[in-house]
Amino acid sequence: MKTASERYKFCLIIFLLVFFLPYGCKNTNALGFEFANPYIVEVIGQDYEWRIRYPGKDGIINTQDDIWKEENFVLPTNTEIRLIFKSEDYLYFVELPELEKNGMAVPGLESPIDLKTGSPMKLQFNGDQMCGFSHESLIESVSVQSKKRFIKYLTD
Amino acid sequence: MIVFLFGYMFRGKLQGVLNGDASPSRFYNQEMLNPTWVNQMALEQRNQSENYDLFHDFKFVDKGAQSGIDFLHKINPDGGKDHKAVHYDHGNGLVAADVNLDGNLDVLLVSLVGSVGLYTNNGEGQFSEVTQAAGLGITGTKTCISASFGDIDNDGDPDLYITTIRDGNYLFENDGKGKFTDISEIANVNYQGHSSGVIFFDYDRDGLLDIFVTNIGVYSQNVKKEFVIEGEVFDYYVGLRDSFAGHLKEERFEPSKLYHNMGGNRFEEVAELMGIKDMGWVGDASIIDPNHDGYPDLYVTNMQGNDIYYENNMGQGFTDKTTTQFPKTPWGSMGIAVFDFDNDGLQDIYVTDMHSDMLGDDINDDFGREKDKVDVSRPESYLLTEGMSIFGNAFYKALGDGSFEEVSDQINAENYWPWGLSNADLNADGFEDVFIASSMNYPFRYAVNTVLLNEKGKKFRNSEFILGIEPRAEVSKPWFILDCSVEDKDWRCRGRNSEVTIWGSNGSRSSLIFDLDGDGDLDIVTNEFNSSPQVLISDLSNNLTNLSYLKIKLVGAQSNRDGIGAMVAVETAESVYTKLVTGKSGYLSQSSLPLYFGLNGASEVKKILVKWPSGIQQEIVEPGIINDLLIINEDDGALNE
Chain C
1 MKTASERYKF CLIIFLLVFF LPYGCKNTNA LGFEFANPYI VEVIGQDYEW
51 RIRYPGKDGI INTQDDIWKE ENFVLPTNTE IRLIFKSEDY LYFVELPELE
101 KNGMAVPGLE SPIDLKTGSP MKLQFNGDQM CGFSHESLIE SVSVQSKKRF
151 IKYLTD
Chain Z
1 MIVFLFGYMF RGKLQGVLNG DASPSRFYNQ EMLNPTWVNQ MALEQRNQSE
51 NYDLFHDFKF VDKGAQSGID FLHKINPDGG KDHKAVHYDH GNGLVAADVN
101 LDGNLDVLLV SLVGSVGLYT NNGEGQFSEV TQAAGLGITG TKTCISASFG
151 DIDNDGDPDL YITTIRDGNY LFENDGKGKF TDISEIANVN YQGHSSGVIF
201 FDYDRDGLLD IFVTNIGVYS QNVKKEFVIE GEVFDYYVGL RDSFAGHLKE
251 ERFEPSKLYH NMGGNRFEEV AELMGIKDMG WVGDASIIDP NHDGYPDLYV
301 TNMQGNDIYY ENNMGQGFTD KTTTQFPKTP WGSMGIAVFD FDNDGLQDIY
351 VTDMHSDMLG DDINDDFGRE KDKVDVSRPE SYLLTEGMSI FGNAFYKALG
401 DGSFEEVSDQ INAENYWPWG LSNADLNADG FEDVFIASSM NYPFRYAVNT
451 VLLNEKGKKF RNSEFILGIE PRAEVSKPWF ILDCSVEDKD WRCRGRNSEV
501 TIWGSNGSRS SLIFDLDGDG DLDIVTNEFN SSPQVLISDL SNNLTNLSYL
551 KIKLVGAQSN RDGIGAMVAV ETAESVYTKL VTGKSGYLSQ SSLPLYFGLN
601 GASEVKKILV KWPSGIQQEI VEPGIINDLL IINEDDGALN E
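Top to bottom, those sequences are chains C and Z.
For the first sequence, the numbering used here begins at 1 and goes up steadily by one.
For the second sequence, the numbering used here begins at 1 and goes up steadily by one.
Just so you know, these hints were derived from the structure itself, not from any lab.
From a predicted model like this one, the values you see are computed outputs, not experimental measurements.
Idealized CB from N, CA, C, for every residue including glycine.
Among the clues, some could well be false.
[As the list claims (entries may be wrong)] Far from chain C, by Cβ distances over 10 Å, these chain Z residues were calculated:
#1 Asn-47
#2 Glu-230
#3 Gly-402
#4 Glu-405
#5 Gly-457
#6 Lys-477
[Stated by the list, open to error] Covered stretches of chain Z (chain C as the covering partner; in silico rule of three or more C-beta atoms under 8 Å from a C-beta of chain C):
#7 83 to 89
#8 243 to 252
In isolation and in its complexed conformation, chain C is listed as follows:
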């Protein structure tokens, strides 16, 4: 660093990094998202679509602050997760082929699949109506994202 100005800029960057980056993380954490172990997510079949129910800030499923998603299926990285499959109408088969996991979504029944996520990745998620039509809308992918991005996804 040749000049005082450069030294100043460097110190400013370090300052920002030292104080604001943790503050940023803390800010994220300050959103209040707890991650229970296992982190429970409900996947509900209805009208040949999947509806995903995530815990809210309290990290507990089936409370008032639960977050519903229908468009994408996202999970956090490096987390023990329990997917609980349910159905509001038909019976659906589910499969996570890369993880060699199979399950079912059955009205009146809660069918869990336990898994552990690692690094960010995409997983195939196949759904199929039992003894009926196959529907494109039941076949999706699961996006495993960093917790920060995952929380952003939940809060968007």
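Starting from the known structure of chain C, fit chain Z onto it as the hints suggest.
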């Protein structure tokens, strides 16, 4: 590219692809219309048959169009336009008996929608429709499932029980001339529920046939919907969307009914009193007698869970001995047949399993997997059988001490998408063969009916192609029309704005094997789902120079007149052939048919032994009859017709 995408989207379930320019109003799947894999299967079977150690140089030809049986099985919208996974596609049965006592075996077919069809036989394979004249036209207002013939009053004519869905079951009394009177209500057997199969048997050996009715469970809503077929208006109870979870919901159970015959055509329902409390999704049943005490026991098939075996306590009640007698059973059982596979004098049990095939991956083009058991990785919370299920057909070989060994894979008894089965000696070589009615329909791909010829009691050999039964003339047909302009517009229209014809695969549900044309060999009649029956005429009698057989009709006196529950052994110089008279004749059904013993070319019968349900043992030495019908009367000894 479009074909590929749709193929991926629907995988094994052939909802279809558009045939764009060639036929703009058609909506179908190329594979369904032109299943080249069927030809490949046929070629492989023909090659393999060169190593078969059994007689197969004969053929069946479908003469349905010439037979006079113009029956058309019809379905409600839950199997078509409003398709959902519901048990309406499980029917329907067909049965045979000599209803007018003219010496010829007549046929009754059941449709899900519209009347049953009764066809009388002129003895040479020509049939005439007599449904209305016989008093059976009234069934047209109900959703019927299956039927069985049995002589409830021992007056020598076959009476008729018909099961329905929520419309009340029927019992018809025959007047001896083929005219039936509805006595359901007065007989106290008109259960209203989701009934399935029915068998006649005499559980207390009092000489009167009792009735056992299986009920699946509640699979329809309390919502009726009207629909029109060829201008005629019908209605039905719309199926539940989660009927395949019914076995998890006790409130939907409908236990089987056991009607004790009190005489005078009056019955008393005694299932619970007699210890029969099946709380499952049961569909079919057969009598068996593994402990050889002469009291008919019951094997009841469960289509969503494990089967149930009830041991008969000397006519005083039944005890569920499933776990000790049959620790593992098929998870999705459909049909059952009881016969002596290897002529060791013991009655073996063959159970087909459709629903396990539905729990596994779709088998699309890997047809070799049709012979495999299913790899089912479904949660125990759904299966509820604690790991004690077989995911595919079961064949229980009797060991003689009352126990059984499951040998389905050793003897090649597996197949794909089976419904009910019929057993009979198709090539008259003295070993019982099997016809398994198979295939799903819309929106699934086609699957072949299975014919298993018995190779000297060692294993079954697939023979449906070499016998001309497959490939059938048409593997698919137009199933329904969608009006995509307004009324039916949904995802299946794919942007179309006009009428679109949706095609579906053909598939059989039940079969009936008997000599319908009196030429000495066994023919096959099927009941198809949403289509006309096949009448498969055998030419064995023209191709087997030393064809020998004996048909036996039992006429009980102290025992029930049909001889249900009797054990008959026919001895030739070469072997002894043993049959338990169960009356079972296919899926969900029981007929009044003579026993058919193929005698493998034997020129004479040395001895016949009949163990009647009454306890009487009747021995007929050198009856002096062959290639004919022998009537054995419990009182009078043998009488050659």
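Structure versus earlier hints, numbers of those that do not hold, lowest first: Nothing - there is no hint that the structure violates, so all of them hold.
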